[in-house]
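Those protein sequence lines, which keep their order, are chains A and B. Under my numbering, the first residue of the first sequence carries the number 1, and numbering increases by one thereafter. Under my numbering, the first residue of the second sequence carries the number 1, and numbering increases by one thereafter.
Keep in mind that the hints were calculated from the coordinates and are not lab data. A few of these clues could be false.
Stated by the list, open to error - If we take Cβ atoms under 7 angstroms as the criterion, some of the chain B residues that face chain A in the derived model are:
| hint | residue |
| --- | --- |
| 1 | E34 |
| 2 | L37 |
| 3 | A38 |
| 4 | S41 |
| 5 | Q44 |
| 6 | D45 |
| 7 | I47 |
| 8 | G48 |
| 9 | H49 |
| 10 | A121 |
| 11 | R124 |
| 12 | T125 |
| 13 | L128 |
To be verified - Here are the simulated DSSO-like cross-link-like pairs (lysine-lysine), alpha carbons at most 30 angstroms apart as the crow flies:
| hint | chain 1 | residue 1 | chain 2 | residue 2 |
| --- | --- | --- | --- | --- |
| 14 | A | K59 | B | K63 |
| 15 | A | K59 | A | K170 |
| 16 | B | K63 | B | K177 |
| 17 | B | K131 | A | K170 |
| 18 | B | K131 | A | K59 |
We treat Cβ as the ideally placed atom computed from N, Cα and C, and that holds for glycine.
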Amino acid sequence: MRTETDTLEGRVRRALDGVHDPEIPACSITDLGMVERVEVTGHAVEVDLLPTFVGCPAKDLIGEDVRVALRSAAEGHDVRVRFVHDPPWTTDRITDRGRERLRDVGIAPHWDRPDGGPIAISLLSTSSPVPCPFCGAEDTVMESRWGPTPCRTQHFCRACRNPFEGFKEK
Amino acid sequence: MPDPRLGLVLALADDELVLGHRHSEWTGWAPYLEEDLAFSSIGQDEIGHARLLYELAERLAGKDADALALGREPGEYRHAILCERPNGEWGYTIARQYLYDTADDVRLASLEGSSFAELAAAVRTIRLEEKYHLEHAGQWFERLANGPVEARQRFAHGLEGAIGEALAVFEEVPDEKALVADGVLPRSNEDLLGEWLGRLGADLDRVSLDWVLTSHTGADGEMVPTSSGEIEAGPTLTVPGVERRDGRWVHVGEFAGQGGRRGRHTEDFAALWEEMTGLYRALPGATW
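Please model the complete structure; the sequences and the hints are all you need to start from.
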């Protein structure tokens, strides 16, 4: 019996899982839920990707890395990769493994909010319910809604006194 | 005959591109690090939104997105004049961001119901990011309006300078009647302006800054002819007709700083255009 990894689609999916976001190298694009559609036909492999943020500067680079990976995984096939925006990417798409990997590098994955809107913060640091990815404490503050990339925020843990980042809720 | 939807999509895209470019000018210069990051990120978001909209316009225009973003003459840009004004001081920057993003919110909320399905989908994606811009503007609105006397004065001065041109974000787009009839524009710009003025008036009333709606200074740049050659020189800035009727602010007259939707811009845009499109014009098709 052929297992999934033997099939072309299996090889394509494994290749996609080997492509990482250059701004979050710990996570593959699969972990981040960026792969929206994979279609393998007789001659072609088509992949639709969702950018985390529309203006993500790593988008073109990721698209090129995916093309290179697929050309080798699906040799002889026509490789078509495109970014789409419908449905919109949201933080809910990050997989459990992705969340684990984000925490490992000090980035809190998204968190549940009671009201569905952005978490209210004042301009100064204030309490926020984002658990620290290092020690799990909830005694943390959001220091800035804006971080090193458009998709990340900056926080501080009062318990273990580590700065950490968060994935901006979408 | 160009597709009537093109004028609308270009107006939306050009607003985001040009204001995003202005926001990016704070990179390295904002009053403190978090604001440097905020304006850099908001600028990056806006330029990303512009790119998404230009990709939508490619099909309507028969030109690629880069050529639309960077390969047009100044008189072919359709953004509101508000977006091209220099950042000035912090009070103006925040006033403009607040006015633009609240206006954009009213416009985008309506476009989620557009009969142009790809545009409606793009707008839904864009709004997930715009909520953070609104939050940023709202926090600064409170901080400056309720801040120390000098902060409040500078913010009020910024609002006075920007408010007339902010109304013209809702200037009619070309072929608006046809777009409304087809449901591409679910509501007319005049209708959206009414909603925005209501929200803006309520915000300003609450902090007793409503007087900026009638004492605005207008903008200082002169209107200049653009390269299209169609536009005659001469100042056309007029006081926006805004009146309080039955406790509500309503629009009753001309727009100040109108003309952006028809390619009419100020000399402030000439300098921005030179810089923004310089590389594209020097090395068309360059990649790096």
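Against the structure shown, which of the earlier numbered hints fail to hold, in ascending order? none
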